[in-house]
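Using the hints, put the two chains back together into the complex; each one sits in its own frame.
Chains as they are written, first to last, in the working numbering: chain A, 317 to 429; chain B, 17 to 126.
Because the hints were derived from the structure by calculation, they are not lab data. The beta-carbon is built from N, C-alpha and C at its ideal position, and this holds for glycine as well. There could be a bad hint or two in this list.
Derived EDC-like pairs (lysine to aspartate or glutamate); straight-line CA-CA distance at most 20 Å [what the hints assert, rightly or not]:
#, chain 1, residue 1, chain 2, residue 2
1, B, K118, A, D379
2, A, K394, A, D379
3, B, K118, B, E21
4, A, K340, B, E57
5, A, K384, A, D402
6, A, K340, A, E330
7, B, K72, B, D83
8, B, K73, B, D99
9, B, K118, A, E360
Derived coverage of chain A by chain B (criterion: at least 3 residues anywhere in the stretch with Cβ under 8 Å from a Cβ of chain B; other residues may be distant) [claimed, not checked]:
#, segment
10, 359 to 368
11, 407 to 413
12, 418 to 425
A few chain B residues facing chain A, derived, Cβ under 10 Å [what the hints assert, rightly or not]:
#, residue
13, V44
14, Y51
15, Q53
16, L61
17, P97
18, T100
19, L104
20, A106
21, V108
22, G110
23, T112
24, G117
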Amino acid sequence: DAGVIQSPRHEVTEMGQEVTLRCKPISGHNSLFWYRQTMMRGLELLIYFNNNVPIDDSGMPEDRFSAKMPNASFSTLKIQPSEPRDSAVYFCASSFRTGQAAFFGQGTRLTVV
Amino acid sequence: TQLLEQSPQFLSIQEGENLTVYCNSSSVFSSLQWYRQEPGEGPVLLVTVVTGGEVKKLKRLTFQFGDARKDSSLHITAAQPGDTGLYLCAPVSGNTPLVFGKGTRLSVIA
Numbered sequence: 317d318a319g320v321i322q323s324p325r326h327e328v329t330e331m332g333q334e335v336t337l338r339c340k341p342i343s344g345h346n347s348l349f350w351y352r353q354t355m356m357r358g359l360e361l362l363i364y365f366n367n368n369v370p371i372d373d374s375g376m377p378e379d380r381f382s383a384k385m386p387n388a389s390f391s392t393l394k395i396q397p398s399e400p401r402d403s404a405v406y407f408c409a410s411s412f413r414t415g416q417a418a419f420f421g422q423g424t425r426l427t428v429v
Numbered sequence: 017t018q019l020l021e022q023s024p025q026f027l028s029i030q031e032g033e034n035l036t037v038y039c040n041s042s043s044v045f046s047s048l049q050w051y052r053q054e055p056g057e058g059p060v061l062l063v064t065v066v067t068g069g070e071v072k073k074l075k076r077l078t079f080q081f082g083d084a085r086k087d088s089s090l091h092i093t094a095a096q097p098g099d100t101g102l103y104l105c106a107p108v109s110g111n112t113p114l115v116f117g118k119g120t121r122l123s124v125i126a
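This is chain B alone, in the form it adopts within the complex (with noise of 0.2 Å):
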């Protein structure tokens, strides 16, 4: 059974800082998903990360997926109150349905 683990749960900044928050697995997985759900809405897809080592950026978000591809972070730069929201992460192997981490539960603060 794969463990997944995403760290940490919770997270409140002030507006400007820089954080980085984690997905762990116990597994080896074909690529990773990141999604953003923010409050009263489903997720919505970030990026996909499939190379081990690859480094995506989205503006202010970088994504890292682990060289063993079982492991990935997310960094944001100056963080905004729109980026308040709740992170999952779901590792993909092979052609089975998404399984989400619990997230991290991101607030930043004006």
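So that you can see chain A by itself, here it is in the shape it has in the complex (with noise of 0.2 Å):
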């Protein structure tokens, strides 16, 4: 298996621009966790998915942020519109089950300029 696949590896955007990262999880695995990684905040939960349907959004920051598992093998975060303080590495992590071991992507270096 690939593991878990994150598109784009970098993104660049002007602030009040929407932006779309993709996640492909591993084959098999029933659960979808989206984190957002800082130096002053770590790595922080934002949404997970068990079986493609979302399960806690508390930590999603604001209404300007969305995500969405169409199917156990494609997950979406977005983000409309996008301003300077969201600029972070989103991760996507996927695992057998909650709780389990998680397989990160290679993340997300999100600039929003």
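Next up, the structure:
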């Protein structure tokens, strides 16, 4: 298996633009997580899905953030409109079940200017 | 609310030295996972400790789970530059998603 695949690896966008981050989890994993990492706040959980259903989105900072998982092999995290304070590395991770070992993608480094 | 603290935040040592980093929580948890994150990459699982008092070894890395299952330590013997990275702990409580500490950023200088 190729592991968790995220795209793009890097994204630079202007404030106000829409940003969409993509994730392909490991086949057979039932749980998918979106995290955001900054130096100040560390690795924060934004939202997670079980069997493609959003379970907890309390970590999503604002209504500008939304996430979908239309099927077991694909998820998106969208920011609209983006702001400079959204600049961070966004990670997608998957696991066989929630609470078990998580496998992370390489992350998307987002810079909003 | 569970409080999770990792210490030290930063550690810079010479190759060959020994070190210990700590993960402390205000709550009891069923198990704990340790991850290492290298620059430009996502975290990678090193080990899961499950039983209070458990000790697990991974080559030069020794992981210990506290008797009360509220804390854990990671000891590295004879550190090498390849050990450089961010060490993250993630306590597990039942069927809930992983919540990570802020980590210990280790730099091993050759």
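- Could you work out which earlier hints the structure fails to respect and list their numbers in ascending sequence? As far as the earlier hints go, 1, 6, 13, 17, 18 are violated by this structure, in ascending order.
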